[in-house]
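Asks: One-letter residues, chain by chain:
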Amino acid sequence: MSINIKFLYLFLASLVFIALPIIFFFLGEFPQRTILKNSLSIITIIAFFVIIGQFYLSTINKGITKVFKTFKVIKVHKTVGYLFLPILIIHPFLIVVPRFFEVGPSPLESFIKMITSFDSLGIILGLIAWVLMFALGFTSVFKDKLNMTYKNWKILHGVLSLGFIILASWHTIDMGRHMSNWMITLIVVLTAIASILLLKNYIFTKKEAKREIA
Amino acid sequence: MAISDISGCIGCTTCVSVCPTDVIRMQKDKAIIKYVEDCQICHLCRLYCPVDAITITAKKSIPVVVSWR
Numbered sequence: 028m029s030i031n032i033k034f035l036y037l038f039l040a041s042l043v044f045i046a047l048p049i050i051f052f053f054l055g056e057f058p059q060r061t062i063l064k065n066s067l068s069i070i071t072i073i074a075f076f077v078i079i080g081q082f083y084l085s086t087i088n089k090g091i092t093k094v095f096k097t098f099k100v101i102k103v104h105k106t107v108g109y110l111f112l113p114i115l116i117i118h119p120f121l122i123v124v125p126r127f128f129e130v131g132p133s134p135l136e137s138f139i140k141m142i143t144s145f146d147s148l149g150i151i152l153g154l155i156a157w158v159l160m161f162a163l164g165f166t167s168v169f170k171d172k173l174n175m176t177y178k179n180w181k182i183l184h185g186v187l188s189l190g191f192i193i194l195a196s197w198h199t200i201d202m203g204r205h206m207s208n209w210m211i212t213l214i215v216v217l218t219a220i221a222s223i224l225l226l227k228n229y230i231f232t233k234k235e236a237k238r239e240i241a
Numbered sequence: 114m115a116i117s118d119i120s121g122c123i124g125c126t127t128c129v130s131v132c133p134t135d136v137i138r139m140q141k142d143k144a145i146i147k148y149v150e151d152c153q154i155c156h157l158c159r160l161y162c163p164v165d166a167i168t169i170t171a172k173k174s175i176p177v178v179v180s181w182r
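If you read the protein sequences in the order shown, they are chains A and B.
The numbering used here numbers the first residue of the first sequence as 28 and each following residue consecutively.
The numbering used here numbers the first residue of the second sequence as 114 and each following residue consecutively.
None of these hints come from the bench; they were simulated from the model.
Heads up, a few of these hints could be off.
What the hints assert, rightly or not - Part of the chain B face toward chain A, derived, beta carbon under 10 Å:
#: 1; residue: S120
#: 2; residue: G121
#: 3; residue: I123
We treat Cβ as the ideally placed atom computed from N, Cα and C, and that holds for glycine.
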C-alpha cells in the first residue's frame, strides 16, 4: 500500500513537472526550429519546471513528508537542486549558443546586447531572477561556511526561492517564447500553489512556535 | 515565404533597424510584424536577432502577380 502511494507520488511528480511541459511544448503551435535550438529549449523548460517542483519536493509540503522520510526528501531536494539549478544559471548563455553556427553577430555580441536591453521588462525580470537564483545556489552550496543559524538560513532560502520563482515565472511569460495558453496556465497554477505553500508554512510555523513559547 | 513569427523578443530594436522595408515595428517593448506583405525575405532580421526570436517560414504571404489576359 505504502509502495503504491510512493509510486503514485513519483508518477504525479513526473507527469506534472516533466511530461506536461514537454507535451505542451510539442502541442504548442510554435515555429519550426533547428534540433539544437529545440533541444536547448526543452532542457531549459524541464529545468525550470523541476525547480518549481522543488517547492513541492521539500519539507514545506506536509503531504510528502507523510509518505517519504524527511531526510530522504531533503536529500532528493538537495540533489535535484544541485543538478537542475546550474542549467538555469547557464540558460542565458545557452540562448546564444546557436550563434556559434550561424552568420550574423557573434555569441558575445549577442549576449551583451541581450543583457543590456533594459527597455524590456522581461529582461529586467530575468536579470533580477538570475541574481536571486545565483544567491540561492551560492547560499545552499556554502551553507556551512555562512555564519548563520539553520533557522535564519531557512528563512533566507525561502525568501530567495519565493522571490526567484515569482520573478522567473513572470519573466518566462513576458518573454513569450514557447508560451501557449496551456503552458502559461501550468506555470501560473504551479507557482501560485508553491508560493501559498511556502508562505503558509512559514507563517503557521511562526505562530505555532509563538504558541509553544507562551 | 516571409517573416512569420517573433517570439522571445528582448526589444533590442536591431531587427527594426536592419529591415530595409520597415516590415517590423516596435509595440511597447516588443518587435511586431507590421507589414508582412512588404517582406523581401532578405533574412537580415533573423540573422541579426541576438536571441533567434525571428522565424521565416515557407508560408506564402507575398501575393503572386498574375498578368491580365
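Asks: For every hint, state whether the structure bears it out.
Replies: Hint by hint, here is what the structure shows:
{"no.": "1", "hint": "S120", "in the structure": "5 Å, holds"}
{"no.": "2", "hint": "G121", "in the structure": "3 Å, holds"}
{"no.": "3", "hint": "I123", "in the structure": "4 Å, holds"}
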